[in-house]
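> Turn these sequences into a full structure, and let the hints guide you.
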Amino acid sequence: MDRRNFLTTAAAAAAAMSLPRTGSAQTFTPVPGRWRTFELVTRIELTKPDGTPRAWIPIPVVDTAWQKPGSNQWAGNAKTMEQISDPKYGSSLLYAEWNEGEKVPVVELTSRFQTQDRMQDWSQKITPPETAAMLAMWTQPTELIPTDGIVRKTANEIIKGRKTDVEQARALYDWVVENSYREPTVRGCGVGDIKVMLETGNMGGKCADLNALFVGMARSVGIPARDVYGIRVAKSAFGYKALGAGSSDVTRAQHCRAEAWLKDYGWVAMDPADVLKVMREETPEWIKSTSNNLIVPVNAKLFGGWEGNWVGFNTAHDVALPHSKGAKLGFLMYPQGENAEGRLDALDPDNFKYRITAREITT
Amino acid sequence: MAMTALLRYASAALVLSLMLPGSARAGSDLVPWTGGPTPQLTLKDLAGTPLSLADLKGKVVLVNFWATWCGPCIEEMPAMQKLRDRIGLAGFDVIAVNYQEGSARINDFLKKRPLQLTIVRDTDGSVKTGWKVKVFPTSFVVDADGRIRYTVIGDVDWTSPRIESQIRELLPKT
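These protein sequence lines are chains A and B, in that order.
To convert, note that position 103 of the first sequence is 102 in numbering that gives the first Met the number 0; the numbers rise steadily by one, no gaps.
To convert, note that position 61 of the second sequence is 60 in numbering that gives the first Met the number 0; the numbers rise steadily by one, no gaps.
Hints were generated in silico from the structure; no laboratory data involved.
Take these hints with a grain of salt, some might be off.
Unchecked claim - Partial pick of chain A residues on the chain B-facing surface, computed with a CB cut under 10 Å: (1) 85; (2) 185; (3) 325; (4) 337; (5) 341.
C-beta: ideal position from N, C-alpha, C; glycine also.
The following block contains the structure:
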């Protein structure tokens, strides 16, 4: 192939990628087995270092069959930089504290990890290892995820007539997809206050709202479930722009997924929020039918699977930041900071300020 | 209006307001407060100066919880300003409690809007939690003795004669 032909072919391929895909057959088939190594760099450079500046950066410590944590290295001019872990959920963060008067507080965390696609083999039943105490923990309420009242009432109505936990989880997943929606104007990934969502009937949100709905309702009917808070680190291999990071700058690419513990399968991937994201954002038009060609494959496969282009930080709720007098966080997915004025706006990285970059290590 | 319906309206308005013409929504009514003692409110303003609700005893205070991303919040702010201007700072004030946004973002917002309301920042959301606020906007009318007398969820036409009258009735008699 000469260079002119190659360029023509490449241009044609690029044009094909940019065509609307609503009418064509689309695939979404994550396949486990190929580990990918990534490096995630979070750099904080506080713009208003009044008082004694502090910062907290989530460290990816989820250690599972689909993700292996690697090294974590940090550098900066803080007087204290230490990794601190939470005994309840096992989450971990880098804590940095600077001397009062430090003019340009800087800290940078470099984390390496491996991820792979995840897809449940429903034909292979297993006896998953998990202790009764752990499973009990994952059916407990959190501050934003109550499991009584309207949450349990709604969930019980949804699972009526469904006998197995797989059927019940599928009913809850389908209900979230059919009854809620991705709301792009919500800041960050949402708050995750599922009781208010159900009471008000305002079912718009982002992943922290929509997947928390699934998690809360699952817990309320006795199915252990948890949110996994993390960030997208690469494009989707299946061409879904909504399901991947747009570039190596992933500062705003946070995403939380969910898992349900099913007794014959163990922890199983669930991500109804990403189905709703594709419906709302993959094309200029809001796709409102799950029978659309673009939606069918993701709706089918995100019940039991997800792509390894994302890393999970932790599964923690009601997170008290160590050395902070401020309120607990509903979850820890964004870098956090404080100065003399109080907690910094974690959803405003340009003024905070922080930047997160990701790259795949291929050598 | 039933509470559930009110919440549905308020929260839906929160998210859907960008898609609705402002004139399509009627303002909400003040609801007498039955929720018990007034929670603590001590926060810093945009200059970093601490402000406590307790310091404003002797004035009627409208405590409003808002955010720059909340359409109905933004819509009702000019009416709050007008009400404050009309009644006068001697007996009335507004504390606009911003929910978890940075001062840079709030200052950008204020550059586009001529508001002189007292804005304080609930940087970690603890005051919102203490006041049991679930949706935005939510407002409370606190009397001169520091007791909450009314609350309202959703945006309000603060310039309506009825609402102004309800607030004026709470002003200390001179």
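> Take the hints in turn and mark each one as holding or not.
We went through each hint and held it up to the structure:
no., hint, result
1, 85, "18 Å, violated"
2, 185, "7 Å, holds"
3, 325, "4 Å, holds"
4, 337, "8 Å, holds"
5, 341, "3 Å, holds"
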